[in-house]
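Visitor: Those protein sequences? They're chains L, U, V and H, same order as listed.
Residue numbers for the first sequence, in my numbering: 577 to 724.
Residue numbers for the second sequence, in my numbering: 4 to 269.
Residue numbers for the third sequence, in my numbering: 1279 to 1621.
Residue numbers for the fourth sequence, in my numbering: 718 to 996.
Do not take every clue at face value.
Mimicking EDC-like on lysine to aspartate or glutamate, the simulated pairs with C-alpha atoms at most 20 angstroms apart in a straight line are [unchecked claim]:
#, chain 1, residue 1, chain 2, residue 2
1, V, Lys1311, U, Glu41
2, L, Lys712, L, Asp673
3, L, Lys712, U, Glu148
4, U, Lys33, V, Glu1498
5, U, Lys6, U, Glu155
6, V, Lys1508, U, Glu148
7, H, Lys987, V, Glu1474
8, V, Lys1334, U, Asp108
9, U, Lys72, V, Asp1394
10, U, Lys159, V, Asp1313
11, U, Lys33, V, Glu1609
12, H, Lys760, V, Glu1498
It is worth saying that the hints were derived from the structure and are not from the lab.
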Amino acid sequence: MEFEPKIVAFVCNWCTYAGADLTGTSRIKYSNDVKIIRFPCTGRIDFMYLLKAFAEGADGIIVSGCHPNDCHYTSGNFHARRRWMVFEGLLNFIGIDSRRIVFSWISAAEGAKWAELVNKTVKSIQELGPYTQYQKVAGTFKKEVTNG
Amino acid sequence: MDKLQKFVFDILTSKEVTLVIGYENGSANKPRPAFIREPSDSERLVFNEKCVLNLTVYLGTHCTNNPGKVAIFATLPALCSILQLASEHQIQTADLLVIYCKSNDEFEVFDDINKIEELVCKEEVVIDSKNSVLIETISKLSVEERFEYWTEQFSKCIKCYACRAACPLCYCTRCTVEINQPQWVHSPSHALGNFEWHIMRAMHMAGRCLNCDACANACPVDIPLNLLTKYMIRDIKEKFGEYTFSVNKGNLLSTFKPDDKETLIR
Amino acid sequence: MDIEKYVILKPSVDAILKSLLASGKTIVAPVRKKDAVCFEKIDENSTVADDFVQTKLSLKSFAFPRYEKLFGFNKSQKNVTVNDFDFKQIPEIYLWGTKPCDASGFLALNAIFNWDFKDAIYNARQEKLTIITFSCFQSDENCFCTSVGGGPGGTAGSDILFTKVGDEKYIAEVISEKGSRIREQFSEFFLPTEAELKKEQYLAKIDQLLDKEIIKERLENFFESEIWKKQSERCLGCGACAYVCPACGCFDIQDEKSANQGSRIRCWDSCGFSQFTVHASGHNPRASQSQRWRQRLSHKFSIMPERLNVVGCTGCGRCSRACPVDMNLLEHLTSIMKMNHDG
Amino acid sequence: MTDSNIYLPYSVRIDKITLEAPGVKTFRLKFLHEEDEDQFDFKAGQFGEYSVFGVGESTFCIASSPTRKGYLECTFRQTGKVTSALANCEEGDILGIRGPYGNVFPLEDWKGKNLLFIAGGIALPPMRCVIWNALDKRSDYNDITIVYGARSVADLVYKHELKEWKSRPDVKLVLTVDPGGQTPDWTGEVGFVPSIVDKVAPVSENTIAIVCGPPVMIKNTFPVLLKLGFEDSNIYTTLENRMKCGFGKCGRCNVGKVYVCKDGPVFTYKQLKELPNEY
């Protein structure tokens, strides 16, 4: 059986969520391996959420919001962009494969782009396989601990 | 009395300042922080190349409780620290006299933060060669090997938070790890808790890290955790073209440019 | 039981270790890594380090781990199933190459974890430990075991104590039932003691600089002294000293939950942290670092002797070595000794 | 046989939830297993460690009387992590409880004496346990007086029971609210608890005073009681400190040599005076 990755999408309410909605109303079919979490703005998406998703078993993550200059709150996505630029570097250095996190700008009108993004991400995560390395680290606290 | 001691003696005698935060010789002749209030105690003060501890970590607590002006011994990272703390509104620089020490008889005195900024602007934040080599070596590993390397390093972490306590910029009275509604970072020192803590610490240092190594020097189990922030200094320099400290510029992650260039977001 | 004394040759000591390893026992021993010596699980290929003063971490984690699951639970709509701690999973461990100060640290922890309420989890772990100690023949300026009732050849807390006398010979002292079992298992190696052989001359020289009774009295009478503020002025309030200490037993209890299952976890905590005693209301009985420093010293040198009849310090000196700002315990205790009636 | 795991809580089910005041709730808890109830043999003054599985444990007193069998009651104000989780619980939910821990009010020694209860705000619960215990053995004691105050009328807890005590001829109940906290139909006193105690001026002879409340109230009530002629050793109070274990191991609750969890939570004013000022 083909590996069905668990993908968590952190999206902003105003653009990408609406875009994903449009994908549905336009009846564009796309992979159902993605779980969407809606945020008021990409600026609200703390980097810790991404780590928490991996810890809870996500194999891949999508982060998406309004295109630059389109933010509902004028600058939330600009702040987010800087955060991801820095975070991506750190993750790479620590050995958390940044190919497992996909960043994208998707507007409310880009229903097709959303479907394409999800499908592409699913495919690339399938190629990478399940994220066992991080899940192993995350699993330690669930086990009995025998010594320090 | 060397020149530095004499200077401290004078400013304490004239009551220009009421407290001097400097270094004295501690056990095994290793320097440690000293808090000097009496002119006669200024003889205890030392300054040499072993004085690497960043004394600005005491500015928040000791300045607010001190009646009168405070003088502090500063190395280059400590000067950056003072700028950064001032820009984050953590210290009042009006009550601060900064003694930028180069040796026990060569030092510069600043009571104007703008002068400090002028000096710091001229000095590039440079990562020393030993750590540069380490960063290079780690970067060349495969992504899985890098993860394994850090898993092993973090497994030593006992969550004593000495790194946090020693860092002048970790001044929050209630750290994110202590926020418990919800419990944001796992508090036990298991693998996940340690990963979350160290990643979070590094991220909160993004664009702020002073390159002073206080965190790594404080670590009782020798985790090279300064490599994380040093790597970020390098990365930020590459991505944003500069890494500087300034009173008025604002932090890297709390400011933005509409034309920030990246190749990351599709 | 009374301590039994024997002589044992170096090859025999090595043979005991080899034999224990060969029989599949879990052995934890000091091993040199890069520039530090650490206790870790060894195998036949490991080289046990014997020329070091102190490891960074104490051995307490083998009875009182950094974190441990106290019990697990599963939660459903209106139901909770609790899964008790599995006592059977605790491994039997031989601590080979323990220092006398670490061995005596277990006595302090035993007292804490058995004060009226017996902590079965701690006890089960501690009982599974066989502590094979080697006397110290070297020390550094941070060592002060003799000042708190121990010594470089102290037997407290150990099951067997080996003291190297000359190049090829050890004095073996069998201290407990567990020690006896080892002696019985390897009885051919344990030779009759030689009357003229005294271990004292082979031990590290560590001067007794403190009097624990005087320190206790000072701590009780100088609660309001300015000295606590003075001493703690440079203290950063991290937990390094407590976490490397073999006798610090304070802990936190936290729940961790993922979906429907979770565990209650106990992990180390430190009285030096500013949040340690904060009430939910925000009130903090120990609001300043000087209060927390006073608590740390009082707990070890006054409260524990008074309530548990044991000093909460073994003189291993780890706290002084680990401190980023050189809060040297011996130095601070010495100045407390010198306090007069004005505090 | 090895000892059992002292960190393992008994399972209890929330039988009934009463909203006492804004943010204050009372839970009636029933043990899931009957044998646990026998094990959990408590006396007035003791406390328990209540747990919400997955969130953590919180320390507070047992508010019901040991004379009332078949259930336990606790009253808490939503403040921290665990109490917030408790506040979100519904009837039928499962909680954990460890205990009972701590010392007790020496009710046996108080036989034949007058009892004066002085409580402020959310501190009535620890006292309610003693009050009901005494009322259920009413003939053992002489006069019983209760002075209870809260910030406002809405903040008074156990309103139903206050009514019951008010109507009993063998209890003297004085209610008060802080100035500004009264409603138009308020018939009780208006003023801070210490001054109301002063006004009520209970006899000190052969009387035990039990004081519970916020630190500032306790601090100001002691001088009033001393002025009225109470002896140090006849004034009781309970201390609260943060604790994790409840049995003298986690290292948080000690005030000098005294462990609130083991030597307390019940202290006389005489004992309190000897403690270092760190609580």
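Visitor: Which hint numbers does the structure go against, in order from smallest to largest?
Guide: 1, 4, 5, 6, 7, 8, 9, 12
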